Each structure stands twice: as C-alpha cells, then as structure tokens.
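A.B. asks: Protein sequence lines correspond, in order, to chains A and B. Sequential numbering from -9 applies to the first sequence in the working numbering. Sequential numbering from 285 applies to the second sequence in the working numbering.
These aren't lab readings, by the way, just hints derived from the structure by calculation. Note that the structure is a prediction, hence the values are computed from the model and not measured. Heads up, some of the hints might be wrong.
[What the hints assert, rightly or not] Listing some non-contacts, in silico: residues in chain A with all C-beta distances to chain B over 12 Å:
id : residue
1  : Gly6
2  : Thr10
3  : Leu33
4  : Leu35
5  : Gly48
6  : Asn55
7  : Thr61
8  : Ser84
9  : Leu105
[To be verified] Computed footprint of chain B on chain A, listed as stretches where at least three residues anywhere in the stretch have a Cβ under 8 Å from a Cβ of chain B:
id : stretch
10 : 17 to 31
11 : 92 to 104
[Unchecked claim] Only pairs whose alpha carbons sit at most 16 Å apart, straight line, appear in this in silico EDC-like list of lysine to aspartate or glutamate:
id : chain 1 : residue 1 : chain 2 : residue 2
12 : B       : Lys354    : B       : Asp339
13 : B       : Lys287    : B       : Glu345
14 : A       : Lys(-1)   : B       : Asp306
15 : B       : Lys287    : A       : Asp63
16 : B       : Lys357    : B       : Asp306
By construction, the Cβ of each residue, glycine as well, lies at the ideal position given by its N, Cα and C atoms.
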Amino acid sequence: NAGVTQTPKFQVLKTGQSMTLQCAQDMNHEYMSWYRQDPGMGLRLIHYSVGAGITDQGEVPNGYNVSRSTTEDFPLRLLSAAPSQTSVYFCASSYGLGEFGETQYFGPGTRLLVL
Amino acid sequence: AQKITQTQPGMFVQEKEAVTLDCTYDTSDQSYGLFWYKQPSSGEMIFLIYQGSYDEQNATEGRYSLNFQKARKSANLVISASQLGDSAMYFCAMREESNAGGTSYGKLTFGQGTILTVHP
C-alpha cells in the first residue's frame, strides 16, 4: 500500500513551458485535492475532485488544469508556467468528506521552480 | 477574510514542557471540523488530531489535545511533555462543505502555520 504518490519530486521549468504533475493513490479514495504551499501562506487549494469525472476549482485555480479519468489518478497540468507558480505542490486524498474526522492523506510533495 | 488564523509565527518550548499553539477560525456553517497537521523539515504533512463542531468533549490523541472553545471560535493545540522531535511547522485547518457536480465535499482551509522549536 503506497498511499499517495507524487512525481516528480523536483522540477525546474522555464517561463512558458508546460508540464504535468502526477498524483496517484491506491486507497480507493473518492476525494482528491491539489494544494500549493508558499512561504507564510500555508496550503491553498488549487483544484479538487469528488470522483472520476467530477472536478471543481479551489481558491487559486488560475493557470492550472485538472482532470480525473480514474479513481486512482489526479494529474495537475501547468499550461504555461510562470515564476509565480514556483511553489511546493501537495496532492491529497480522503475516503470521506471529513465530517467524521476522516483525514486527508498527503503525498510527499513536488518542488517546482519556474525561472 | 482569513478563515483560519494562527497568530504565532514561531514558538519556543523547553523539552518536557507543555506548549499551546493558537488557532482561531471563522465560519457561518453549523457543521464543520478542525484539524491539526504537523510538517517536519522533511516536508510531509502528518495528521495529528481532529475536532468536530458537534463534539462535546475536547479531542485527545496521546500527547496532543485540542482545546476547543466554540463560542470563541478557537481550537488551540496543546502538546504535553514536548520532545525534540516535535520541532516542526504546525498547521490548523478547517473543513467546510463545498459542492462539485452536486456532490458535497469537505475541503480544507489552512492557516499560515506556527513553527515550533523545542529546546533541550
């Protein structure tokens, strides 16, 4: 049981390049999220999904796309990277809404630097 | 408006002493949940403790307890008998309901975090 996995661990991009951050979970969780973490800002929700085929925007969605074709995978696409997207990205999953304390399980994070 | 406020950017505590990390929140929901996560220097997010808005008793998990004062909208984390390994960033988070495609979803909103340093 690997939990939540993210690839790559580190990435350097040039402004304008595109890339996809991969996230996979093997816990059969319906709910998956992407967050970014910036110094002094805590974690901010980018996009989330409540199941295959269903996604919605979070607090800071601009510049990012997501899709959810399977329960296991939830990739995050940067369409045209900008230096403001330099951050640490976390993927998370959970089996419930959290109303009974079901926690979100976080991946190890991807550090992205946009030059 | 900030929904989760952690007013202590940094805290210091002596090993074996207790420490309280503050968290206040703002919501108009009747049903919500409050979480605390620990993030060590290695970067992973570790779940510590949860308090539901309808829970009458304060949550406890080992050395962690949550001092929940609903009327004051505060959910402070208390760590008893601090250990050197407790040195980390600590985040308070609140679950609120949102909707996507007609399905409810409890999304988390995080505070800015408090860096705790435990001195020997």
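A.B. asks: Against the earlier hints, flag every one the structure doesn't satisfy and list their numbers going up.
C.D. replies: 3, 4, 5, 8, 13, 14 and 15
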